[in-house]
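Visitor: Here's the letter readout for the chains.
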Amino acid sequence: MALLKMQFPLHRRVRLAQGLWLISWMTVLAGAFTFSLGVYLKTELLRRAEVMDNTEIHVVPNILMLVGLASIGNYMFAGRICQDSLDPSRFPRWKPFLLPWFGLSMLLCAHLISAVVLSYALQGSLEESLKVGLRNGIRFYRDTDVPGRCFQKETIDRLQMDLRCCGNTNYRDWFEVQWISSRYLDFTSKEVKDRVRSNVDGRYLMDGVPFSCCNPSSPRPCLQEHLTDNSAHFNYEHQSEELNLYNRGCRQALVDYYMGLMNTIGPGILSVISVQITVMVSLRYLQTAMEGAAELENPEDESVGYILEKGVKETVTNFKGAFLNLLQPGSVEVAPEAAEVENVDKATSPPASS
Amino acid sequence: MAVLKVKFTKTSRDKLAQVLWILNWISVVTGVILFSLGLFLKVEINKRWELMAERDVHYVPNMLIAVGLVACGINFLGGKICYDCVDNTKFLRWKLLMLPYIICTFFFTFSVLVGALMCYGMRSELEESLTLGLRDAMRYYKDTDTPGRCFLKSTVDLLQIQFQCCGNVGFRDWFQIQWVSSRYLDMSSKEVVDRLRSNVEGKYLMDGVPFSCCNIDSPRPCIQHQITNNSAHFNYDYQTEELNLWMKGCRQALLEHYTSIMQSIGLIVLIIWLFELSVLTGVRYLQTSLENLLRQGDPNSESEGWLLENSFVETARYNFNIIKSLGKNNQIHTADNGDPNMDVPSTAHYGPDNVPPSRHPWRVDHGAETSPQSSLASELPRLRAPSPQSSLASELPRLRAPSPESPPRLRAPSPQSPPHLKAPLASEPPRLRAPLT
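Chains as they are written, first to last, in the working numbering: chain R, 12 to 365; chain S, 26 to 462.
The set of hints was computed from the structure by calculation and includes no laboratory data.
It is possible that part of the hints are untrue.
Between beta-carbon pairs, the in silico distance windows are [claimed, not checked]:
id : chain 1 : residue 1 : chain 2 : residue 2 : range
1  : S       : 176       : R       : 288       : 45 to 53 Å
2  : S       : 217       : R       : 277       : 24 to 32 Å
3  : R       : 169       : S       : 280       : 21 to 29 Å
4  : S       : 250       : R       : 210       : 24 to 32 Å
5  : S       : 91        : R       : 98        : 40 to 48 Å
6  : S       : 232       : R       : 186       : 53 to 61 Å
7  : S       : 288       : R       : 128       : 49 to 57 Å
If you only want the chain R side, here are some residues facing chain S, beta carbon under 10 Å, derived [said to hold, decoys possible]:
id : residue
8  : 186
9  : 190
10 : 231
11 : 327
Using N, Cα and C, we set each Cβ at its ideal position, and we do this for glycine too.
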């Protein structure tokens with residue numbers, strides 16, 4: 012009835028213990044690797060924190076960092092257990108720690124899986140956060156004299172040049188915002204007054220973009236102003252012109268960048284998960300095989316190793332029973348007694364009937 | 026008289042050999058470092074080949090690469106030699122090779138030093154190359170439709186953005202060239218025609234710069250056109266405006282970038298040179314102490330090691346004379362009328378004591394008349410005869426009379442000289458053995 016039973020002669024036990032020791036130290040390194048991946052992702056997110064509205068996406072690197080640190084300690088402990096497992100006098104003192112260790116390992120694996128799932132699930136939230144952040148950044152582009160916002164211009168310019176993007180969704184977002192500060196506008200000039208009056212909020216709107224939207228690969232010197240006016244520039248048609256400015260919106264560029272980063276990290280995390288599961292399963296086999304060997308008259312004989320002593324269903328019911336006992340220590344245990352009575356009946360009735 | 030003599034016991038010799046073995050392997054690693062530094066410098070220079078005119082700036086990274094490879098080889102051999110030096114029998118294998126190896130390594134460390142100094146000296150070549158290259162790049166900025174030059178615009182723009190610079194020396198360089206291509210100029214417009222006519226060569230010059238010159242840190246949206254016209258922009262004074270465009274010239278920016286790279290590389294190469302020199306000193310001590318040990322015969326005794334057996338001046342003079350005499354091997358000794366057997370003592374029986382005459386009767390006249398050089402040359406056959414130092418000392422009084430310069434030479438035979446003396450001895454055994462007492 013045991014789950015996945017395997018025979019373990021002495022040499023196989025020894026081989027299992029040695030191999031497991033090696034793999035647990037590899038898992039320690041994998042834990043350090045996970046931690047460093049978490050740190051890298053976090054620094055990349057923090058670099059562009061000024062254009063993000065909320066920090067929900069930071070839960071992914073936080074999980075990676077915590078799990079990485081915890082698994083370093085956890086699997087060093089496993090290595091120590093493996094070292095002592097071949098010595099029958101030292102192994103018994105680790106016995107009470109094994110069940111909590113399995114619980115902790117399963118928790119760490121579950122967290123890693125959740126981190127991978129979240130990195131895809133939170134994409135929508137990331138996009139929303141970027142939408143709001145970029146909108147604010149573009150709105151406050153001109154406020155280089157307002158404390159707290161004076162570096163927005165530099166941030167947005169650097170972002171647009173580094174990621175080769177323009178505006179939130181595309182370059183037309185700049186047409187809806189006054190991105191030239193009023194202190195550089197000559198309010199005595201007729202042209203400025205006309206423009207300011209032409210819209211409800213009294214803003215100086217123009218069909219121009221900042222210089223950071225310019226594409227260096229364009230064969231033509233950059234056209235920044237009067238973008239929708241074909242007659243303002245010689246040999247220019249704004250509908251077919253593609254190389255003059257960056258076509259991509261910065262929100263799309265940032266989402267693509269971070270998704271690309273997580274897609275690269277994903278396989279690494281999945282391989283760490285598989286290594287951890289291997290260690291857990293092997294350690295369970297080692298534990299059961301060693302315990303079985305300790306009970307034999309000749310400790311060097313073959314013993315049986317398994318994952319679960321009884322089937323899955325029975326283990327679950329036993330576990331539930333034990334859990335309920337913990338919660339209600341004083342109450343009368345009706346169910347097991349009833350079962351005993353039934354068994355006794357069953358045992359007595361056939362002899363009575365026969 | 027030896028330079029920096031040190032006594033070596035057996036254990037200290039063994040320890041020296043082991044330490045040198047490890048140090049030689051570390052030197053192989055430093056050779057790899059040298060090679061990679063040269064490669065890095067070459068890649069950095071090649072990255073901007075479009076902005077550099079044809080100048081010979083590649084000799085520095087090429088030298089570093091070659092020196093790095095040679096260092097690996099030499100130090101690998103040195104490691105092998107030092108490993109074998111612990112065992113006396115194995116040392117005999119390398120005995121004849123060690124001195125040439127040390128001389129080669131000495132010249133090699135000299136070339137490492139030259140490589141380090143060249144790093145610092147490359148600056149002027151680079152500056153010239155960059156000036157011409159940037160000037161041409163800016164001139165061809167507008168030629169995005171000419172094959173071979175179509176990416177210069179993008180290169181210059183990205184350079185100005187990355188290095189935060191504008192123009193060759195400053196942003197005014199852009200005022201002197203036409204950087205807007207003629208196919209984007211409306212030739213029918215009056216303004217364009219006026220501008221083209223306003224200068225001799227018919228170029229469309231304007232006081233504007235490309236967008237890549239714009240300074241990110243400016244609080245104001247970038248002013249690219251009509252830069253010198255204060256009235257064209259509100260609240261603008263171009264003489265005091267510093268944050269609008271990048272102020273630095275690209276030549277200076279690139280030069281600073283490359284100079285900092287080369288200074289750090291030069292420093293690392295100097296440190297590697299000092300390390301190689303110390304390893305070479307150790308190997309020299311090991312070689313001399315082992316050779317002295319062999320001469321003494323007892324493998325477990327103490328021996329002395331030195332850098333040079335005699336002082337610098339004497340060794341230099343001795344080697345200089347060797348080099349001089351190398352060229353004179355085929356010359357006829359005119360002092361003896363071309364007869365090489367003139368001064369060779371005969372094996373004739375001279376009487377009951379068998380003492381040969383101390384001086385050939387007519388030799389003294391010759392000694393007074395002939396030049397010192399020829400008398401020195403004429404004494405060479407006699408010098409070749411004795412191999413042990415004692416017999417040489419016994420002949421000193423005989424030989425001191427004719428030329429005063431010979432004694433210093435006679436006093437100074439280094440341990441290396443026996444091979445030199447032994448060879449002619451091997452070729453003239455029967456005649457020369459007689460005077461040995």
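Visitor: Next step is simple, just say for each hint if it's right about the structure.
Guide: Do the hints match the structure? See the list:
At about 51 Å, the CB distance of residue 176/S to residue 288/R agrees with the hint of 45 to 53 Å. About 56 Å separates the C-beta atoms of residue 217/S and residue 277/R, a value inconsistent with the hinted range of 24 to 32 Å. Look at residue 169/R against residue 280/S: about 25 Å separates their beta carbons, and that is inside 21 to 29 Å. At about 26 Å, the beta-carbon gap between residue 250/S and residue 210/R stays in the expected band of 24 to 32 Å.
Range check, residue 91/S to residue 98/R: Cβ separation about 59 Å, and the 40 to 48 Å hint is violated. Against the hinted window of 53 to 61 Å, the Cβ-Cβ separation of residue 232/S and residue 186/R comes to about 28 Å, which falls outside the hint. For residue 288/S and residue 128/R, the hinted distance range of 49 to 57 Å is satisfied, since their beta carbons lie about 51 Å from each other. Because the closest C-beta pair between residue 186/R and chain S is about 15 Å apart, greater than 10 Å, the hint is violated.
Taking 10 Å as the C-beta contact cut-off toward chain S, the hint placing residue 190/R at the interface holds, the least distance being around 7 Å. Evaluation of the residue 231/R hint against chain S yields a held restraint, the C-beta minimum of about 5 Å falling below 10 Å. For residue 327/R, the suggested interface contact is broken, since its CB lies about 60 Å from the closest CB of chain S, more than 10 Å.
In this structure, the hints that do not hold are numbers 2, 5, 6, 8 and 11, in rising order.
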